[in-house]
Amino acid sequence: MSRPDNKALPATTGSRVPFHIDFKAIGPFVALIVLFVLGTAINEAFLSSGNLSNIFTRSSFIGIIAVGATFVITAGGIDLSVGSMAAFIAGAMIMVMNGLVQSIGPGVETVLIGIGVSIVLGIGAGAINGLVSTRGKIEAFIVTLGTMGLYRSLVTYMADGGTLSLDFGVRGTYRPVYYGDVLGIPMPVLVFLGVAIIGYVLLNMTPFGRKCFAIGSNEQVALYSAINVDRVKTLTYIIQGLCVSIATIIYVPRLGSASSSTGVLWELEAIAAVIIGGTMLKGGYGRIWGTVVGALMLTTIGNILNLTDAISNYLNGAVQGLIIIVAVFLQRGDWRRKKN
Amino acid sequence: MTNKKRLLGVTLALGLGLVATSALAADKIKIGVSIPAATHGWAGGLNWHAQEAEKDLEKAYPNLDFIIATAKNPTEQANDLEDLVSVQNIDGLVILPFESDPLTIPVQQVKEAGKFITVVDRGLSQPGIEDIYVAGNNSALGEQAGEYLKKRLDGKGKIVVLRGLPTTVDDERVEAFNASIKDSDIEVLDMKYANWNRDDGYEVMQDFLSRFPEIDAVWAQDDDIALGVIEAIKQADRTDEMFVVGGGGMKDIIKRVKDGDKLTPIDVLYPPAMIATAMGLTALKFETKAAVEGRYILGATTVTPENADKFYFPDSPY
Chain X
1 MSRPDNKALP ATTGSRVPFH IDFKAIGPFV ALIVLFVLGT AINEAFLSSG
51 NLSNIFTRSS FIGIIAVGAT FVITAGGIDL SVGSMAAFIA GAMIMVMNGL
101 VQSIGPGVET VLIGIGVSIV LGIGAGAING LVSTRGKIEA FIVTLGTMGL
151 YRSLVTYMAD GGTLSLDFGV RGTYRPVYYG DVLGIPMPVL VFLGVAIIGY
201 VLLNMTPFGR KCFAIGSNEQ VALYSAINVD RVKTLTYIIQ GLCVSIATII
251 YVPRLGSASS STGVLWELEA IAAVIIGGTM LKGGYGRIWG TVVGALMLTT
301 IGNILNLTDA ISNYLNGAVQ GLIIIVAVFL QRGDWRRKKN
Chain V
1 MTNKKRLLGV TLALGLGLVA TSALAADKIK IGVSIPAATH GWAGGLNWHA
51 QEAEKDLEKA YPNLDFIIAT AKNPTEQAND LEDLVSVQNI DGLVILPFES
101 DPLTIPVQQV KEAGKFITVV DRGLSQPGIE DIYVAGNNSA LGEQAGEYLK
151 KRLDGKGKIV VLRGLPTTVD DERVEAFNAS IKDSDIEVLD MKYANWNRDD
201 GYEVMQDFLS RFPEIDAVWA QDDDIALGVI EAIKQADRTD EMFVVGGGGM
251 KDIIKRVKDG DKLTPIDVLY PPAMIATAMG LTALKFETKA AVEGRYILGA
301 TTVTPENADK FYFPDSPY
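Line by line, the protein sequences are chains X and V. Counting from 1, position 136 in the first sequence corresponds to residue 136 in the numbering used here; the numbering is continuous, with no gaps. Counting from 1, position 152 in the second sequence corresponds to residue 152 in the numbering used here; the numbering is continuous, with no gaps.
Careful: at least some of the hints might be erroneous.
Stated by the list, open to error - Chain X residues, not near chain V, derived (Cβ > 10 Å throughout):
#1 41
#2 218
#3 227
#4 281
Said to hold, decoys possible - Residues from chain X that face chain V, not an exhaustive set, calculated with beta carbons under 8 Å:
#5 43
#6 45
#7 48
#8 54
#9 58
#10 162
#11 163
#12 165
#13 179
#14 255
#15 259
#16 260
#17 303
#18 307
#19 309
#20 314
FYI, nobody ran anything at the bench for these hints, they're computed from the structure. By construction, the Cβ of each residue, glycine as well, lies at the ideal position given by its N, Cα and C atoms.
Just chain V, same shape as in the assembly (with noise of 0.2 Å):
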């Protein structure tokens, strides 16, 4: 009864879903971005990014149709994919998945089916699904963190440390930084995490100026954290002993390094604008002659005073 109930169902939305393919884009090539939530900040950017690649290059090249999916989780997303493919018939699929394991068979299940996948930020835990890679470089961003409070500081002094969450990225970041500053006389009193949030860093920022008298520099890892951080340290009236490395691209901090802030000579960007960097190379996979499969590594560019103007985007909600 059941079987045949279902069977119905699935007749009838195999055959409304090709009359309204055929009737409506029959020579549209269609797109599937699938992306996290805007739950956060950096998220945040990411949807708008999304967004906005999709108006540009949707005018670019008429007929193509970007359609965007969020998800708050990893099962969320997996549902997604199915949709896409399934209601959607989409050619091409660009996700940023939630988390690496669980979304690595349904991104096959999609590439099975004969779509382009272009994977972006979190690469799956299988190679060779993805025909495009596009990601920031969480090592780098540690990296140059490291290598700025190293010159900055003649290598040494002491600093503190804010860490996001303990993930992968968290921990990648980490590694990183501490192995730039290895060979320096550059002494870590402390690090904690501040889990990528405002108020946690503006509250274990206060903490660390409690503890310790001396501070000359604060590695917040992350923008929204570095908000938090300055607010702490203003309130504690040591502005002038020490300053703070953030990480991201947020408009604020970059306004800051814009303006010349003291507090903020510097960030290290982790552009949620790479979305849109996978988004248009998809797009020239499929209107254009151009080679584009491959591994697209973005540089973790350190925001300065001088090129700030470059990555300030005042509308963007991050």
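If we strip away everything but chain X, and leave its shape as in the complex, we get (with noise of 0.2 Å):
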């Protein structure tokens, strides 16, 4: 179903668009300049660089799990689980670390094994939803429903119903990688930049990324074309875990908490960065850069619905509801051409 974005468009009669321009790949840009100017246009205090630094910090822990989504929906699977996986390794890098403060204390080593503890977890979660749907040949929307439902019940447990909160004396070694910048920008929006970057090159410049969209597209020919479907889909649930574990990594210094309440719906808030960026849900075409703006997209929303009492507060969700339908119908591209 993909459609190939170098398709030439059809031949305009006016000199309007001298030069090609892919209107569905600039999309969500589009919508995101839109944004920014309906935000500027509400308070002033939109365009203040501690606001703009505010949204790009919050989006990157929806943006880095978006990223790994973006793998998993253009090889034409699902991770339901993520939220509830980020709240479980939240939960459980806080007990390791808080663990270690008797032994080792609250140094660089601890966090840096908290870190480690993140990435193992991580990645074994990934594991286990890409191999269970595979091998177990399950669809992974039962599988991820599945282990959402057990993360989410473990960090519950593993909180005694209540919040586990971080040693403070290991808060003040790990404030950096949350609070921290590398000349003027915040650690969290690098981390995302990276992620983001590594993401494109994997997706759309090797030959992994080519078979995540040939399964997409088709798992029978895919087969048939001897790539390996299972491994293949099994890395993508693998990258997503890796994902988790990134945006949880820097999650955990900003309130130093997780109860059963951390990244509640966080799985939703990925897909919706994902489709409307312009990846298709049914997989076969997947798109980084899109997900990313999808994912500032998403936090701008809440940021201007936050920065007015025009709007009552009762209806904030209508209105985020609303504008993420209206942005994806505008970047679809398709109604153009009925200009014409």
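Each of the two chains sits in its own frame; use the hints to bring them together as a complex.
What follows is the structure, given as structure tokens:
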């Protein structure tokens, strides 16, 4: 079902479009710019460097997870467990680091071991989702719905129904990972950018990426083309798990806590970011930069609603829903042709 | 066919139940405790206090047996009530209803089965079902916070409010708060929902901070939200400009109050330990001749550095 992007547009009559512009690719960017104009019109504080930095920093959690989701969805899968997985990994990290304070103190080693635990758990959780759905031949929707409940219960159990709080000494050591910056760019944004660039290269410039596209388009054909479908699909879930782990690593130092309400509905936000960015939900076509913009858009909408009291609090969800639908409609590109 | 089978099943179950009850606990008084599962901070505290009270009371009164059942939604809680009555054969019930309306009829049925009923926190929609009613005071929580802000700000200043979720609990608190600051020159810059969630509290506060150059105080209404708010204020480096009033009685916040943190001068209690109060009163009903029937409204105590020690439970998850 994928339509290659280099397909020439039908010869345009006027000279309005003198050079080739792919409206589908730039659609999300246009929508984001429109949102920014709207935000500025509503409150000039929107464009302040502090607010912009908030938006970019906040987007990084969902954004990083959504980069992973782009792989899964492009290869025709789905992962509903990411929000619970993030909460579970955050809880495990906090417990391990708190436990280490007694033996090796609240130093850098403790934080590094915590980060190591996160990466191992992320890859492991991804591998479980991938292997059970491919080898076990169970729909990914069901497998990840199951693991979603599993991780959510585990974190509630680990926290005794309450909240796991990171030791204050470790918090001091770990704090710069979220609150620090390099040349004025906040750390989470840098990590987000790094993950997006690696994701882009992997999806668009390697054989692995092309295999993801092929499997998402038609799994049978991919199988007959000697692609190891199970392995590639499992790898997409492992990439997703790794992305969740990276997002959690920068999430934990923010508030230093995890509870059963951590990461609720992140899976839907991540999937929404991917789809807003132009990736097809049924697979076969994925776009990392679109996903990045999608994540930014979701955060921006929430931010704009917080900057105004013109809209009743009760209607925030309605406005959010409308903007998402309109944004996706605008970037479909097909509506332009009718005009000509 | 199926009817016959079902009849057989019921008879069998009843038979087993009789054998079990007569063999195990012929002389034990059973009290069922039905509460929401620990899905957020406050409910986590509720579960912890229920378990602590169970231990303490069963030790004090060896012939009492408390049975705690937790539910994730009103339907599940209604099922729990049926099980408590038919399988466990309880003598008394302590319940914190998930929601008032859907649980009124199920609790009424337990009452009609001749059980002693104690209702906690959320009242039922019909009067006269419960024998004991124990509740925190949502209005007082809002009022106490409002009174403190008025006094501390000398009746004038700019504040922002972070609300919980759109529910009656939240409405009662906010209405009372508004009423208490009505006669002052305190200006509420804006109110937004932060869903009783730390992350949302953090983000909403960040946006308030970029929107308003001058904020004198924050009413966060709940301690989970307050924790997010505190981090946002610290990040913006505006800790000297304002202070935060939370609510609930979470140990992290009580600890800050106890340590004299300038950012959190007080906290207003809405104690999850109210479940222990209710269980204790119900135990008294069965164990003593004390008159316990009636309504108990717990005070919304203001926690200050002086009295914080009494409300600090380091072992509680909340």
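Original post:
Can you list which hints this structure breaks, lowest number first?
Top reply: none
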